[in-house]
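Trainee: In case you want the letters, here they are:
There are 2 protein chains.
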Amino acid sequence: MLGQVLEQIDADLEGSLERLFRLLRIESVSTDPAYAASVKTAAEWLGAELSGLGFAASVRSTAGHPIVVAHAGKHGGTTALFYGHYDVQPVDPLDLWEAPPFEPRLATSPDGKRRIIGRGAADDKGQLMTFVEACRAWKTVSGGLPVGLTLLLEGEEECGSPNLAPFLRDNAGELRADIALVCDTNMWDAATPAITMMLRGLAGEEVIVTAASRDLHSGLFGGAARNPIHVLADILAGLHDQAGKVTVPGFYDDVVDPPAEVMREWQALDFQPEKFLGGVGLSTPAGERDRSVLEQIWSRPTGEVNGVIGGYTGAGFKTVIASRASAKVSFRLVPGQDPAKVSAAFRDYVRQRAPADCRVEFIRHAGSPAISLPFDNDHVARARTALGEEWGKPAAVIGSGGSIPVVGDFKKILGMGSLMVGYGLDDDRIHSPNEKYDLTSFHKGIRSWARILGALAG
Amino acid sequence: MLGQVLEQIDADLEGSLERLFRLLRIESVSTDPAYAASVKTAAEWLGAELSGLGFAASVRSTAGHPIVVAHAGKHGGTTALFYGHYDVQPVDPLDLWEAPPFEPRLATSPDGKRRIIGRGAADDKGQLMTFVEACRAWKTVSGGLPVGLTLLLEGEEECGSPNLAPFLRDNAGELRADIALVCDTNMWDAATPAITMMLRGLAGEEVIVTAASRDLHSGLFGGAARNPIHVLADILAGLHDQAGKVTVPGFYDDVVDPPAEVMREWQALDFQPEKFLGGVGLSTPAGERDRSVLEQIWSRPTGEVNGVIGGYTGAGFKTVIASRASAKVSFRLVPGQDPAKVSAAFRDYVRQRAPADCRVEFIRHAGSPAISLPFDNDHVARARTALGEEWGKPAAVIGSGGSIPVVGDFKKILGMGSLMVGYGLDDDRIHSPNEKYDLTSFHKGIRSWARILGALAG
Numbered sequence: 001m002l003g004q005v006l007e008q009i010d011a012d013l014e015g016s017l018e019r020l021f022r023l024l025r026i027e028s029v030s031t032d033p034a035y036a037a038s039v040k041t042a043a044e045w046l047g048a049e050l051s052g053l054g055f056a057a058s059v060r061s062t063a064g065h066p067i068v069v070a071h072a073g074k075h076g077g078t079t080a081l082f083y084g085h086y087d088v089q090p091v092d093p094l095d096l097w098e099a100p101p102f103e104p105r106l107a108t109s110p111d112g113k114r115r116i117i118g119r120g121a122a123d124d125k126g127q128l129m130t131f132v133e134a135c136r137a138w139k140t141v142s143g144g145l146p147v148g149l150t151l152l153l154e155g156e157e158e159c160g161s162p163n164l165a166p167f168l169r170d171n172a173g174e175l176r177a178d179i180a181l182v183c184d185t186n187m188w189d190a191a192t193p194a195i196t197m198m199l200r201g202l203a204g205e206e207v208i209v210t211a212a213s214r215d216l217h218s219g220l221f222g223g224a225a226r227n228p229i230h231v232l233a234d235i236l237a238g239l240h241d242q243a244g245k246v247t248v249p250g251f252y253d254d255v256v257d258p259p260a261e262v263m264r265e266w267q268a269l270d271f272q273p274e275k276f277l278g279g280v281g282l283s284t285p286a287g288e289r290d291r292s293v294l295e296q297i298w299s300r301p302t303g304e305v306n307g308v309i310g311g312y313t314g315a316g317f318k319t320v321i322a323s324r325a326s327a328k329v330s331f332r333l334v335p336g337q338d339p340a341k342v343s344a345a346f347r348d349y350v351r352q353r354a355p356a357d358c359r360v361e362f363i364r365h366a367g368s369p370a371i372s373l374p375f376d377n378d379h380v381a382r383a384r385t386a387l388g389e390e391w392g393k394p395a396a397v398i399g400s401g402g403s404i405p406v407v408g409d410f411k412k413i414l415g416m417g418s419l420m421v422g423y424g425l426d427d428d429r430i431h432s433p434n435e436k437y438d439l440t441s442f443h444k445g446i447r448s449w450a451r452i453l454g455a456l457a458g
Numbered sequence: 001m002l003g004q005v006l007e008q009i010d011a012d013l014e015g016s017l018e019r020l021f022r023l024l025r026i027e028s029v030s031t032d033p034a035y036a037a038s039v040k041t042a043a044e045w046l047g048a049e050l051s052g053l054g055f056a057a058s059v060r061s062t063a064g065h066p067i068v069v070a071h072a073g074k075h076g077g078t079t080a081l082f083y084g085h086y087d088v089q090p091v092d093p094l095d096l097w098e099a100p101p102f103e104p105r106l107a108t109s110p111d112g113k114r115r116i117i118g119r120g121a122a123d124d125k126g127q128l129m130t131f132v133e134a135c136r137a138w139k140t141v142s143g144g145l146p147v148g149l150t151l152l153l154e155g156e157e158e159c160g161s162p163n164l165a166p167f168l169r170d171n172a173g174e175l176r177a178d179i180a181l182v183c184d185t186n187m188w189d190a191a192t193p194a195i196t197m198m199l200r201g202l203a204g205e206e207v208i209v210t211a212a213s214r215d216l217h218s219g220l221f222g223g224a225a226r227n228p229i230h231v232l233a234d235i236l237a238g239l240h241d242q243a244g245k246v247t248v249p250g251f252y253d254d255v256v257d258p259p260a261e262v263m264r265e266w267q268a269l270d271f272q273p274e275k276f277l278g279g280v281g282l283s284t285p286a287g288e289r290d291r292s293v294l295e296q297i298w299s300r301p302t303g304e305v306n307g308v309i310g311g312y313t314g315a316g317f318k319t320v321i322a323s324r325a326s327a328k329v330s331f332r333l334v335p336g337q338d339p340a341k342v343s344a345a346f347r348d349y350v351r352q353r354a355p356a357d358c359r360v361e362f363i364r365h366a367g368s369p370a371i372s373l374p375f376d377n378d379h380v381a382r383a384r385t386a387l388g389e390e391w392g393k394p395a396a397v398i399g400s401g402g403s404i405p406v407v408g409d410f411k412k413i414l415g416m417g418s419l420m421v422g423y424g425l426d427d428d429r430i431h432s433p434n435e436k437y438d439l440t441s442f443h444k445g446i447r448s449w450a451r452i453l454g455a456l457a458g
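Chains G and W, in that order, are what the protein sequence lines are. Residue numbering for the first sequence is 1 to 458, as defined by our numbering. Residue numbering for the second sequence is 1 to 458, as defined by our numbering.
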């Protein structure tokens, strides 16, 4: 049966691509209210698509963007809950895109690789559609699915998933399954599949510094008036010490290092820092001096300023002393760290650095703890085997620097473990201009899920 | 004769205001190319207005915005060159204006003072029109002017006057006079007129820091990739030490303190730092710890960050590591300092602080030295007497933190001294939202110029 399913996938690749392109054309930017109607359109398109495949699909309202839920498959036997998200990141800076971000296209790169290019190609529409198309092939060939399946497709992943946890709580009975399948992670490299066992958490804060009651002329007031950009620069510059450590008091207190067996697996990986950094035009690791690059991006917490603005930023020059300046700051967290505690410590740090005549205000943007999954698990073992058969190479067991808070919620709210498998690559430029997804990732991703579904039933 | 001229000014105040409002309605923002047509309209309006008064007026093209030149008055006797600028600052942040910036209005403040509100009300359209209206009154009453006059009205003061010095060189014979009259400065306070004898210079630099070849996902790269916002924050935070001194090497090397007699005049002024800072919601001087506030704003050099931008600055949150960040930085200079030398030292300072994987680029925005005028001068003495008669109080001799580079050019290119008299107040909010000019400044400003013109002839 599996052989026929894989043949069907190969035969219908053109059709699969066409469906993905349709989804990519929908401008489902969740963080910007201007795109709310498009986000809804994407949810409805997915609901209709899944209904067409024989799923019992519904588009559910939330206080924010809708969630798509679809059920299918045999009763009794293994059950799985698939999670993906259909919303995408904003597209700015737009002028760095080589083609419009919502007009997806297939391009051949200089090394001969065929790539799907467009916002969401990898994160997460392309990944999500590998699973939908695997289901389609099983349905087409066998009329059914090897396991009982629920799909849960979210529209607010890129803006902090404010409504997902309440939705899980309100619909726990409907959603609970033996295992969650989460497709929002990367391969180890273009030839080596991977199962992600560790994810960093996230604490996001915006800090706004206000000094004078209005913008001032730097000639008349400069030298005497407090400049909030100077204050903010001092706060941001002080966030790291010379050794690359975050200086927020207590930041490292609760950090738990990965288990020794995981560290051993990582050391065995042929990770090349030069290649990783060289791919984006860099050469020198900028983080903690006493840690390897793999630790810096997988198992160590970080503080990064994601945006800063203040004063006159248009063309030309304006000799103004601004009345306010602001920055968006995020902390990637590792197991043991509490996002609320980190946010509170950061706010204390800022308040203590604010001099006379400065008011500081904060906006909380995100807060989720890190995830570390159990290593010895039957579902993990079956998936490793299935991935090894598809790619001709054992699957690596890896960490990831990004955050997928839903994995923590599945554990906490539904009591479910997660299997994180994805086909993204480090050079996919997710969250950046010219985001891409290799055609191989898409094609072999569909085949991989078809195999994993078979293996989980086995 | 002077008595009749002053009566004519009082009688025609309504008409003077109406003409000022017409000029204020023209959106002559010089730094932004989108407003180029409006800047030209303002020049043409002034040319027509001066022709109507009997001046030989012309609107002269330059490589940028035009310059208005107008001649009138008797031959033989004293000659003067009046300078003002008809361009204005950008209006952002627009949402902080209580009414549209180019729809001027007269409002009564809670303390009963009547105020002209709109962009350019004080800087410099209101000030410029005090002189034009004084000429009008002399012409109306006497049919002529007490001194030989040339008006030189510039349209690029707010964007660094790139074409003024060449214009002065090319038209030196036409423009040279006994004294330049410059109306772009403030009174000492609402009751005390002032002659400005010292102006700070300006060096403006934009610094752009670039790291990775594209924006990066802070989850995948955070902790290992160089963040240009961190680098820029470090550069900007390091610009001042704990004592409030600028750290750029050599910055204070050439600083010359004001003459002892000027310092004595300043000490005699009843300057209240609490009131000066309190007017804009501040309480504590933020500059050099070992200097008075008056020194900080008049006779000491400064470094100020006027604008900063990098990464995601829209609504919500985006976990990005930007590939670039930039800041606009200006240095106010005092006598002895060379703007080119300060700019070069700043660039060296930045380059030395840039770590691995960072490229820094610069844009020069302004460069003019400070001005210190001779204290013992016949024109200054005559103007002091005339101002004292109008305001019932001797004119203060003051410094100013702002830069008026044209005064240096008049000296260097035309060999002329300048008399800087203006009727602005510290709370006029120039360069800020809700810019205003007191009706008293406008009315008594016209009367003051009428008296000074008479005194210069005498």
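Hints are computed from structural coordinates only; laboratory data are not their basis. Since we're looking at a predicted model, the values are computed, not measured. Among these hints, one or two may not hold up.
Because identical chains cannot be distinguished in the list, a pair is counted as satisfied if it fits within a single copy or across any two copies.
To be verified - Straight-line Cα separation of at most 25 Å, SDA-like style, residue types lysine to any residue; simulated pairs:
1) K275 <-> S213
2) K245 <-> Q352
3) K245 <-> R353
4) K444 <-> D426
5) K393 <-> E361
6) K393 <-> K412
7) K113 <-> K341
8) K245 <-> R351
9) K245 <-> R324
10) K412 <-> A191
11) K412 <-> T192
12) K113 <-> A72
13) K411 <-> R351
Trainee: With identical chains treated as interchangeable, where does the CA-CA distance between K245 and R351 reach 25 Å or less: within a copy, between copies, both, or neither?
Mentor: Classified as both: same-chain Cα gap 20 Å, cross-chain 23 Å, threshold 25 Å.
Trainee: Using 25 Å as the alpha carbon limit, work out where K393 and K412 are close: within a copy, between copies, both or neither.
Mentor: neither (33 Å within a copy, 78 Å between copies)
Trainee: 25 Å Cα cut-off: does K393 pair with E361 within a copy, between copies, both or neither?
Mentor: Neither. Shortest intra-copy (52 Å) and inter-copy (46 Å) distances fail the 25 Å Cα cut-off.
Trainee: Can you give me the call for K245 and Q352, within, between, both or neither, at a CA distance of at most 25 Å?
Mentor: Both: 19 Å inside a chain and 22 Å across chains, each within 25 Å.
Trainee: Is the C-alpha distance from K113 to K341 at most 25 Å within one copy, between copies, in both cases, or in neither?
Mentor: Result: close neither inside a copy nor across copies, 45 Å intra and 52 Å inter.
Trainee: Check K275 against S213 for me: Cα-Cα at most 25 Å, and say if that holds within a copy, between copies, both or neither.
Mentor: between (49 Å within a copy, 14 Å between copies)
Trainee: If the cutoff is 25 Å on CA atoms, where do K245 and R324 land: within, between, both or neither? Let me know, please.
Mentor: between (28 Å within a copy, 22 Å between copies)
Trainee: Treating 25 Å as the Cα threshold, decide for K411 and R351: within, between, both or neither.
Mentor: neither (35 Å within a copy, 49 Å between copies)
Trainee: Classify it for me, K412 with T192: is the Cα-Cα distance of at most 25 Å met within a copy, between copies, both or neither?
Mentor: neither (31 Å within a copy, 72 Å between copies)
Trainee: Checking an output row: K444 and D426, CA cutoff 25 Å. Within, between, both or neither?
Mentor: Cα proximity of K444 and D426: one copy only (17 Å, versus 70 Å across).
Trainee: Can you give me the call for K113 and A72, within, between, both or neither, at a CA distance of at most 25 Å?
Mentor: Classified as neither: same-chain Cα gap 35 Å, cross-chain 76 Å, threshold 25 Å.
Trainee: Could you figure out if K245 and R353 sit no more than 25 Å apart (CA to CA) within one copy, between two copies, both or neither?
Mentor: Both: 18 Å inside a copy, 19 Å across copies.
Violated hints for the displayed structure, listed by number in ascending order: 5, 6, 7, 10, 11, 12, 13.
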